[in-house]
Amino acid sequence: MSDTFETKTPNRRAFLRGAATAGVGAFAAGSAGAQTPDPLITETQEWAQSFGDGVDATPYGLPIKYEDDVVRRNVEWLTADTVSSINFTPIHALDGTITPQGCAFERHHSGAIELKKEDYRLMINGLVDRPLVFTYADLERFPRENHTYFLECAANTGMEWAGAQLNGAQFTHGMIHNMEYTGVPLRTLLEEAGYETAGKWVYVEGADASSNGRSIPMEKALDDVLVAFKANGEALRKEHGYPVRLVVPGWEGNMWVKWIRRIEVMNAPVESREETSKYTDTLANGISRKWTWEMDAKSVVTSPSPQSPIKHGKGPLVITGLAWSGRGAITRVDVSKDGGKTWETARLAKPGEKMALTRFYLDVDWDGEDMFLQSRAMDETGYVQPTKTQLREVRGLNSIYHNNCIQTWWVRPNGEAENVEVS
Amino acid sequence: AVAQTYGLGRAALPEEIAAWNLDVLPDGTGLPEGQGDAIVGEEIFAAKCAACHGDFAEGIGNWPKLAGGMDTLDHEDPLKTVGSYWPYLSTSFDYIRRSMPYGDAGTLTADETYAIVAYILYSNDLIEDDFVLSKETFLDVEMPNADGFVLDDRMESEVAMWSGEPCMTDCKDSVEVTMRALVLDVTPQEETTEAAAEEPAAAAEPVVAET
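As they're listed, the protein sequences go chains W and Z. Heads up: the first sequence at position 79 corresponds to 79 in my numbering, and the numbers run straight through without jumps. Heads up: the second sequence at position 66 corresponds to 66 in my numbering, and the numbers run straight through without jumps.
Chain W extracted, bound-state conformation (with noise of 0.2 Å):
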């Protein structure tokens, strides 16, 4: 397998900062043996003597400067230029369930456009009595609903099909994001126009340059797809297709069309770019899967993680991560601390959502040793998230898409982790 790459020598360069000084007992400040009285007690602080900022400091705020490696990353190399290309979601550094938008990840094809809410128009035509034309104005005068939903890119984790990549979950798992929607759903929109019932697919595009046309059946269209302008309280970001976004939950992330602009009721599919050339899912045998729009059952651990190394040394230690099903939602995950040899059932913070992002727990009680981390989901249509094995048995190595396999990190004794690979 790793003949398949240029290999390198190990390249230790210190990858989170403070890593390299992560060794066990290197954080010990704070400890119950401290000796010495701690002066950060016993000497009054500048913050408990003077003031903080005022009110009027931060209309709109961002984190604080000393989490200002939560952000989000690109991998130069992954595309040609920038502007059709990915970045990743800091999942390593995240808890809970609900995405920040300000970090949360962002692919576009013709970069993220500026398109004003008064020159935003949305029109529906094709196979309907009324071919109409909305405002902004216009959808926000519909019945809203809210609606919690992860969306994940189809290529999340498609650079590790062939192997072990990129050292971090941010970079193997962070194309995805989960947020609070409110918005009117597009049945609301197409009963508005009077759909007909020879519709049997809706094509959906941008208004941005790629367009990014996708054909989706009117049978989805009519369950639960949302035609969204708010995400976690607020407008949608730039970056995530403001003001107007199509919402398709549970489905890859290449069909929740931003900056939608129209939407056509068909006899047939449209068969764009990208549902032929793109997101289409090439098997061994050179025959493609096309329309494979169901996000699989996956998880991730994402601390401890390669950027999100053990600092502290031995005894308890939170392992946690994310889980999610484009089926319905999580029932249950398992971890495993050697490798898939025996596993535990972790703790859900709370019940799993539909087509929702699962925050789950284990707590150990960590005896210093080597670590082989994966976690394992199951979801209500009692699917279990396969090994990368397993999928490679089926797929082979060229899908690029849907990889939903079982990822294993490597924890060393000195608090590190890595990406691996294990039989």
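Simulated from the structure, these hints should not be mistaken for lab results. Be aware that one or more of the hints could be misleading.
Heads up, simulated PhoX-like pairs for lysine-lysine below, C-alpha to C-alpha not over 25 Å straight-line [what the hints assert, rightly or not]:
hint, chain 1, residue 1, chain 2, residue 2
1, Z, Lys-172, W, Lys-341
2, Z, Lys-48, W, Lys-278
3, Z, Lys-65, W, Lys-278
4, W, Lys-290, W, Lys-200
5, W, Lys-341, W, Lys-354
6, W, Lys-290, Z, Lys-65
7, W, Lys-238, W, Lys-65
Here the structure of chain W is known, so what remains is to put chain Z in place on it, guided by the hints.
This is chain Z only, laid out in the frame that chain W set:
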């Protein structure tokens, strides 16, 4: 059943629908009047496309290759191009007219688009250079991988196999590390931006992401 309506929105005018409704279907529905051949297309391609896609549509650097790769889909590193992979010619016309040239999309006339598509077909050895592509001749072109796609079959081929109570103890005898990301070492480093650009292409090319 008649659904409730709210009386919101207004009628879309024919000119408005015509301006935005550009999609072309595999059966040719949506194709405009016009025509072009590879001889004309070569000049347009050289002026508007070749800087990224190469003089012969073979691609430059990381930019997409539009020609070549015939019969490589079951190889270790398949080369997926319009010729080797795309099932329908309609997609080429639709995508080029709508979204190309990259950075100057939507500027090609119908004739220019027909000519460019003809040149890409010629570059893939799928037509002769005097073949005139038009609405009338469009479906005469045979796409080599037209039958290369199946509908998503995960429910049958995977889901049943990977469902049910999983193994919890004594699931395998040994665990060996077979691959390490640190050995490949292509992850961008946090502290220097220079390191991110340092290794890339050579090491990473075989597994580069599709865009």
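CA of Lys-290(W) to CA of Lys-65(Z), is that 25 Å or under? holds (21 Å)
With a cut-off of 25 Å on the C-alpha distance, tell me whether Lys-172(Z) and Lys-341(W) pass. Holds - the C-alpha atoms of Lys-341(W) and Lys-172(Z) are around 5 Å apart, at most 25 Å.
Holds or violated: are the alpha carbons of Lys-65(Z) and Lys-278(W) at most 25 Å from each other? The hint holds at about 14 Å.
Hint consistency between Lys-290(W) and Lys-200(W) [alpha-carbon to alpha-carbon, up to 25 Å]: It holds: about 17 Å lies between the C-alpha atoms, which stays within 25 Å.
Hint check: Lys-238(W) vs Lys-65(W), CA-CA at most 25 Å. Holds or violated? Holds, at about 23 Å.
Keeping to a limit of 25 Å between CA atoms, is the pair of Lys-48(Z) and Lys-278(W) held or broken? holds (23 Å)
Has the given pair, Lys-341(W) with Lys-354(W), been kept, meaning a C-alpha gap of at most 25 Å? violated (30 Å)
Comparing the model with each numbered hint stated earlier shows that hint 5 is the single one that does not hold.
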